[in-house]
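Listed below, chain by chain, are the residues.
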Amino acid sequence: MLNLPNLNTDILLLITSLIAIVALALYLWQIRKSQKLLEEVEASSLEKIKERSFALLRKAYLKAQDILGKAELESVKVAATSRFTSKKLEEKYQAEIASVVSNMEASFKSEVDKAQKTFASYLEELKQKSGKAQIDSEGLLQQRINQLFDRFETNLAEFLTQTEQKTTSSIELELKAARNLIDTYKQSQLKLIDENIIAMLEKTLSLVLVKKLTLRDQVDLVYEALEKAKVEKFIV
Amino acid sequence: MEKKLLEQILENTFTKSDLERRLRLLKQYLVKSLFRQVQAGKVTPELLNINSDIASDLEWLKSLPDTFFGHFNRQNLHELLNEMEKLAQNLATIVINLPIEFTEKEIFDIGSKARNIFKNNWLIDIKIDPSLIAGCSLVWDGVIKDYSLRAKIESEKQAILESFKWKK
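Just so you know, the sequences run in chain order Z and E. The working numbering numbers the first residue of the first sequence as 1 and each following residue consecutively. The working numbering numbers the first residue of the second sequence as 1 and each following residue consecutively.
Calculated from the structure, these hints are not laboratory results. Mixed in with the good hints, there may be bad ones.
Stated by the list, open to error - Here are the computed lysine to aspartate or glutamate pairs in the EDC-like style, where the Cα-Cα straight-line distance is at most 16 Å:
1. 165(E) with 195(Z)
2. 119(E) with 109(E)
3. 157(E) with 40(Z)
4. 191(Z) with 66(E)
5. 203(Z) with 109(E)
6. 86(E) with 162(E)
7. 145(E) with 232(Z)
8. 105(E) with 220(Z)
9. 114(Z) with 124(Z)
10. 113(E) with 220(Z)
11. 113(E) with 227(Z)
12. 157(E) with 202(Z)
13. 145(E) with 40(Z)
14. 230(Z) with 11(E)
15. 228(Z) with 146(E)
16. 113(E) with 217(Z)
17. 230(Z) with 141(E)
18. 27(E) with 79(E)
19. 119(E) with 227(Z)
20. 50(Z) with 40(Z)
21. 152(E) with 183(Z)
22. 203(Z) with 129(E)
23. 152(E) with 124(Z)
24. 4(E) with 66(E)
25. 233(Z) with 146(E)
26. 152(E) with 202(Z)
27. 157(E) with 195(Z)
28. 211(Z) with 101(E)
29. 105(E) with 195(Z)
30. 165(E) with 194(Z)
31. 113(E) with 124(Z)
32. 145(E) with 227(Z)
33. 233(Z) with 66(E)
34. 4(E) with 79(E)
35. 113(E) with 2(E)
36. 145(E) with 162(E)
Unchecked claim - Stretches of chain E that chain Z covers, calculated by requiring three or more beta carbons in the stretch to come under 8 Å of a beta carbon on chain Z:
37. 4-16
38. 106-113
Every residue gets a Cβ at the ideal spot worked out from N, C-alpha and C, and that includes glycine.
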């Protein structure tokens, strides 16, 4: 709660006190002055002075009383006014606060309702989205699984085809190599047989001709060779 | 002169081994005849106790005329013979590979025939190679040429083998 009325009252009291003090100070100053006057003019007319001083004192007293009374009145007035004002302010403030509170309550409530509604709608939306996402992801997953299986099938078929081709080609290569080996062996064996035939023929001829050919025949053959060498210009 | 003397020797000498042998024999004979006490009458190899494993060598020695021996004396004997040996070493030689061993006569005939054909005092060198079967192979200047039956069979090998195969 605000202390505004109290503050005004204090200020007023303070002012009033100050005025009283000032008045008192004036009073005392006046008294001092009068005393001085008295002292200065002591010799002359003390009674006059005294009367004057008493008159002054009285005037001052009256004045002070007047001032005090006015000050009191003013202070009362001010106090009353301040009390009234503070009361009014208080009431106004309380009314304001009550209205503000009620407004705030109302707006808070409406905001809360709004937020609740928004949240509810958000939850609903979220629920719908998650449901949709779940459906979509299930569909996607199914699609991916199908794709995977398709790819697996294709790869497997390719692999099997390739393996089959490789196996076939390697078998064919092996067969070809085996055939080549057999052919080579056959050729080498045939060559060996041919050489053996020739060797046998040479051996037979060497055994037979040694007995059949005379020395003269052999010499004739040498003559023939020498003639050929001359004709062929092998020996020049 | 050495050349002429050598040519005289080569008239009846055809093979390299014969020539070497005959030159050795000649040297033996000449050394003994020139450096022993000279006797009257013809000096013969038998008198000088020279024997040769090959009878034809002695015959050849005896067949040489006196004029041949007249070229030799004590002073020039070794020089002449050395020169003749050098000339003999430089003579071209036809190497004849034969399938069997021939007698002296056949070798003489072959040598004589070669001289007739080639018109040169080349020598022949006989070697034996039984694998030739018949005929011979000749080696001249490091190159061999095969004229034997073996070479003929080798060259006609395919035809021979074809003739052996069964005809379908």
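Restraint status (C-alpha distance of residue 113(E) to residue 220(Z) at most 16 Å):
holds (10 Å)
Original post:
Okay, the stretch 4-16 of chain E and chain Z, do three or more residues pass the C-beta test at under 8 Å?
Top reply: That given contact is violated, which follows from only 0 residues of the stretch 4-16 of chain E lying within Cβ reach (below 8 Å) of chain Z.
**Message:** Please verify whether residue 165(E) and residue 194(Z) have alpha carbons no more than 16 Å apart.
**Reply:** holds (10 Å)
*Do the alpha carbons of residue 152(E) and residue 202(Z) lie within 16 Å of each other, as the hint requires?*
Between residue 152(E) and residue 202(Z) the Cα gap is close to 11 Å, so the pair holds against 16 Å.
**Study point:** Straight-line alpha-carbon gap residue 157(E) to residue 40(Z), limit 16 Å
**Key:** With a Cα-Cα distance of about 189 Å, the restraint between residue 157(E) and residue 40(Z) is violated, given a limit of 16 Å.
Exercise. Quickly compare the C-alpha distance for residue 228(Z) and residue 146(E) to 16 Å and report which way the hint goes.
Key: Cα-Cα ~11 Å, so holds.
Straight-line alpha-carbon gap residue 113(E) to residue 227(Z), limit 16 Å: Distance of about 10 Å is within 16 Å: holds.
- Task: Compare the distance between the alpha carbons of residue 113(E) and residue 124(Z) with 16 Å, and conclude whether the hinted pair is satisfied.
- Result: Given that 16 Å is the threshold and the Cα spacing comes to 134 Å, the pair is violated.
Q: Would you check the hint for residue 119(E) and residue 109(E), treating anything up to 16 Å between C-alpha atoms as holding?
A: holds (15 Å)
Checklist entry - Given the hint that residue 27(E) pairs with residue 79(E), does the C-alpha gap stay at or below 16 Å? => result holds (11 Å)
query = Does the structure keep residue 4(E) and residue 66(E) at a Cα separation of 16 Å or less?
reply = holds (15 Å)
### Message
Hint check: residue 233(Z) vs residue 146(E), CA-CA at most 16 Å. Holds or violated?
### Response
holds (14 Å)
The earlier numbered hints that this structure contradicts are 3, 4, 5, 6, 13, 14, 21, 23, 29, 31, 33, 35, 36 and 37.
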